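S.K.: Quick note: the sequence shown uses the working numbering, first residue 534, plus one each step.
It is worth saying that the hints were derived from the structure and are not from the lab.
A quick note: this is a predicted structure, and the numbers were derived from the prediction, not measured.
A portion of the hints provided could be inaccurate.
To be verified - With a cut-off of at most 30 Å between alpha-carbon atoms, the simulated BS3-like pairs for lysine-lysine come out as follows:
| no. | residue 1 | residue 2 |
| --- | --- | --- |
| 1 | K660 | K645 |
| 2 | K560 | K660 |
| 3 | K645 | K627 |
| 4 | K660 | K627 |
| 5 | K612 | K627 |
| 6 | K645 | K612 |
| 7 | K612 | K660 |
Claimed, not checked - Simulated restraints on C-beta separations:
| no. | residue 1 | residue 2 | range |
| --- | --- | --- | --- |
| 8 | L643 | V575 | 37 to 47 Å |
| 9 | D539 | G644 | 43 to 53 Å |
| 10 | A674 | D626 | 34 to 44 Å |
| 11 | R598 | I687 | 14 to 24 Å |
In this text, a Cβ means the ideal position worked out from N, Cα and C, and glycines have one as well.
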Amino acid sequence: MTYNDDMPWTVYLSGEIHTDWREEITKGVEGAGLNAVLTSPVTAHADSDDCGATILGEPESAFFRDQLGARVNAIRTRKLIEDADVVVVRFGDKYRQWNAAFDAGYASALGKAVITLHDPSLTHALKEVDGAALAVAETPAQVVRILQYALSGILQR
């Protein structure tokens, strides 16, 4: 069976929003000339937190405010993960990213190819998530190389 090179792969970039890892992958994908479309959740932290209350009205408690935001964001997140061919999930070392772990689990349950991206110091904490991933990368450059190989079938040495 031959893969149709004219069809772009969709790669969803999930997880940590406090570093430039998405930009590094974007530059790498563009530099390698890969036929891929990159998507991501809303990465403007305030917009992500405030969307539910701003659109639907301020609830009476912080709990329900968070619930509104999470559910409105899930409309985008679920659709983009469902449409993705590959889901890259980045875990940073500054914050607990429960949402990233949830995205990885959701993608895995859908049978998506998951690549996790994190520092080796998080290996133990993420052992179950990494166990469901098809690849575990430590750098954005490694993610780009994995995508390059997966899309082309050619190993760049």
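S.K.: A separate judgement is required for each hint: does it hold in the structure or not?
M.R.: To see whether the hints hold, each was checked on the structure:
no.: 1; hint: K660 with K645; verdict: holds, 18 Å
no.: 2; hint: K560 with K660; verdict: holds, 29 Å
no.: 3; hint: K645 with K627; verdict: holds, 27 Å
no.: 4; hint: K660 with K627; verdict: holds, 18 Å
no.: 5; hint: K612 with K627; verdict: holds, 28 Å
no.: 6; hint: K645 with K612; verdict: holds, 13 Å
no.: 7; hint: K612 with K660; verdict: holds, 26 Å
no.: 8; hint: L643 with V575: 37 to 47 Å; verdict: violated, 21 Å
no.: 9; hint: D539 with G644: 43 to 53 Å; verdict: violated, 24 Å
no.: 10; hint: A674 with D626: 34 to 44 Å; verdict: violated, 18 Å
no.: 11; hint: R598 with I687: 14 to 24 Å; verdict: violated, 49 Å
Consistency note: the structure conflicts with the earlier hints numbered 8, 9, 10, 11.
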